[in-house]
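Using the sequences and the hints given, assemble the complete structure.
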Amino acid sequence: MIMINVGIIGCGSIGVKRHIAEYTDIENARLVAFCDPVIERAEAQQEIYGGKVYKDYKELLADESVEAVSVCTPNYRHAEISIAALEAGKHVLCEKPMGITMTEMDHMIEAERKSGMQLMIGHNQRLIKEHQVARDYIARGKLGKVYSFRTTFGHGGPEGWSVDGKNSWFFKKDQAAMGAMGDLGVHKADLIRYILDEEVVDVGGFISREAKEFSDVDDNAVCILRTESNAIGTLQASWAFYGEEDNSTVIYGDKGVLNLLDDPEHSFIFTSSTGEVVRENYGGIQTNDDEGQSKKSFVMEAFINALAKEERVPVTAEDAKKSVEIILDAFESDRTNKIITEE
Numbered sequence: 001m002i003m004i005n006v007g008i009i010g011c012g013s014i015g016v017k018r019h020i021a022e023y024t025d026i027e028n029a030r031l032v033a034f035c036d037p038v039i040e041r042a043e044a045q046q047e048i049y050g051g052k053v054y055k056d057y058k059e060l061l062a063d064e065s066v067e068a069v070s071v072c073t074p075n076y077r078h079a080e081i082s083i084a085a086l087e088a089g090k091h092v093l094c095e096k097p098m099g100i101t102m103t104e105m106d107h108m109i110e111a112e113r114k115s116g117m118q119l120m121i122g123h124n125q126r127l128i129k130e131h132q133v134a135r136d137y138i139a140r141g142k143l144g145k146v147y148s149f150r151t152t153f154g155h156g157g158p159e160g161w162s163v164d165g166k167n168s169w170f171f172k173k174d175q176a177a178m179g180a181m182g183d184l185g186v187h188k189a190d191l192i193r194y195i196l197d198e199e200v201v202d203v204g205g206f207i208s209r210e211a212k213e214f215s216d217v218d219d220n221a222v223c224i225l226r227t228e229s230n231a232i233g234t235l236q237a238s239w240a241f242y243g244e245e246d247n248s249t250v251i252y253g254d255k256g257v258l259n260l261l262d263d264p265e266h267s268f269i270f271t272s273s274t275g276e277v278v279r280e281n282y283g284g285i286q287t288n289d290d291e292g293q294s295k296k297s298f299v300m301e302a303f304i305n306a307l308a309k310e311e312r313v314p315v316t317a318e319d320a321k322k323s324v325e326i327i328l329d330a331f332e333s334d335r336t337n338k339i340i341t342e343e
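The opening position of the sequence shown corresponds to residue 1 in the UniProt record's numbering, with each subsequent residue numbered one higher.
Rather than coming from a laboratory, the hints here were simulated on the basis of the structure. Virtual Cβ for every residue (Gly too), placed ideally from N, Cα, C. Careful: at least some of the hints might be erroneous.
Claimed, not checked - Cut-off 25 Å, straight-line C-alpha distance, at most; resulting in silico cross-link-like pairs (DSS-like, lysine-lysine):
(1) 338 x 129
(2) 321 x 338
(3) 129 x 322
(4) 58 x 17
(5) 142 x 52
Stated by the list, open to error - Distance windows between CB atoms, simulated:
(6) 341 x 255: 22 to 32 Å
(7) 43 x 198: 40 to 50 Å
(8) 309 x 166: 38 to 48 Å
(9) 338 x 216: 18 to 28 Å
(10) 89 x 273: 49 to 59 Å
(11) 342 x 148: 12 to 22 Å
(12) 24 x 322: 51 to 61 Å
(13) 263 x 242: 38 to 48 Å
(14) 49 x 140: 20 to 30 Å
This is the structure in structure tokens:
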């Protein structure tokens, strides 16, 4: 069995409760190093799993025992650290959003190409069965022509689970660059592209910062999207859904409707125009209500499996860049009060 030695860069909530927690369940992944500028956070993981600790990510990247890293840092450091890791000969799993500008994402892609290493972005939505089956239904024509959709991701905000609460970097524009749109909206942009297997060509965005007085970034957004095939729909992202988390998607076609994560009993429902109804519960998706502890994301497993089998990672940087571009275009639309057409 091929073992992959993994280093964790960023030991906050995402690093610990998602990445570390899932790596420990992967038979051919070994945690060998932990890094955090708050060194006590890295040391806390060392006490549990062993390995080495570092305060500076550059020191971890110089550790020859580390073969792959998870980048679980504030958004503004994703590109810097991912590029440095690739140049140091490490495979990289970077949290979303991949980057905060088109230029830095291009630099990440170029660094991957030159290094011969692999860069994967942590988009988990496309890895759950509900969404994979939905993509298959659409590809096989069971929905007929898809003409509309709505996709939503909303919860009460990162203050409920971040180690720093309301003081979290999530709410600081100089570190996060964007709020609910970069945290949640980019997931749904990626999902719509994946399920429909086509690109978004027009984007309209309405984005606000009204719900959290302590925050520098957006907390609510509603976007209008048009795809290559002329399907139109909405994408909503919110840090102000103070009831149950909403991670639902509905796809409308001329032969039927798909309801995904939209029903408390059945995570997948297909209703045909002829009256046929298919109801399944494939297990659902991680939620922030329980800090992701009751379900796994499949991201770390997919990353390690691809490396071990010497296969291409399932969420490439080139692909993930297109999802971030939709979010950046939504901000541009909101700023200019114009529909932005993808180039």
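Verification of the hints:
1. This hinted pair does not check out: residue 338 and residue 129 have alpha carbons roughly 36 Å apart, beyond 25 Å.
2. Of the supplied pair hints, the one linking residue 321 and residue 338 holds, its CA atoms being roughly 22 Å apart against a limit of 25 Å.
3. At roughly 23 Å between alpha-carbon atoms, residue 129 and residue 322 fall within 25 Å of each other, so this suggested pair holds.
4. Using a Cα cut-off of 25 Å, the hinted pair residue 58 and residue 17 holds, with the two alpha carbons roughly 23 Å apart.
5. Straight-line distance between C-alpha atoms of residue 142 and residue 52 comes to about 52 Å, which puts the hinted pair past the 25 Å bound.
6. For residue 341 and residue 255, the Cβ-Cβ distance of about 29 Å falls inside the hinted range of 22 to 32 Å, so the restraint holds.
7. Under the hint 40 to 50 Å, the C-beta atoms of residue 43 and residue 198, about 47 Å apart, fit the expected range.
8. For the pair residue 309 and residue 166, the supplied restraint of 38 to 48 Å holds, since their beta-carbon distance comes to about 43 Å.
9. In this structure the supplied range 18 to 28 Å holds for residue 338 paired with residue 216, their Cβ-Cβ distance being about 25 Å.
10. Judged by the Cβ atoms, the range 49 to 59 Å given for residue 89 and residue 273 holds: they are separated by roughly 54 Å.
11. With their beta carbons about 19 Å apart, residue 342 and residue 148 fall inside the hinted range of 12 to 22 Å.
12. In this structure the hint that residue 24 and residue 322 lie 51 to 61 Å apart at CB is violated, the actual value being about 32 Å.
13. For the pair residue 263 and residue 242, the beta carbons lie near 21 Å from each other, so the given range of 38 to 48 Å is not met.
14. Evaluation of the 20 to 30 Å hint for residue 49 and residue 140 yields a failure: the beta carbon distance comes to about 44 Å.
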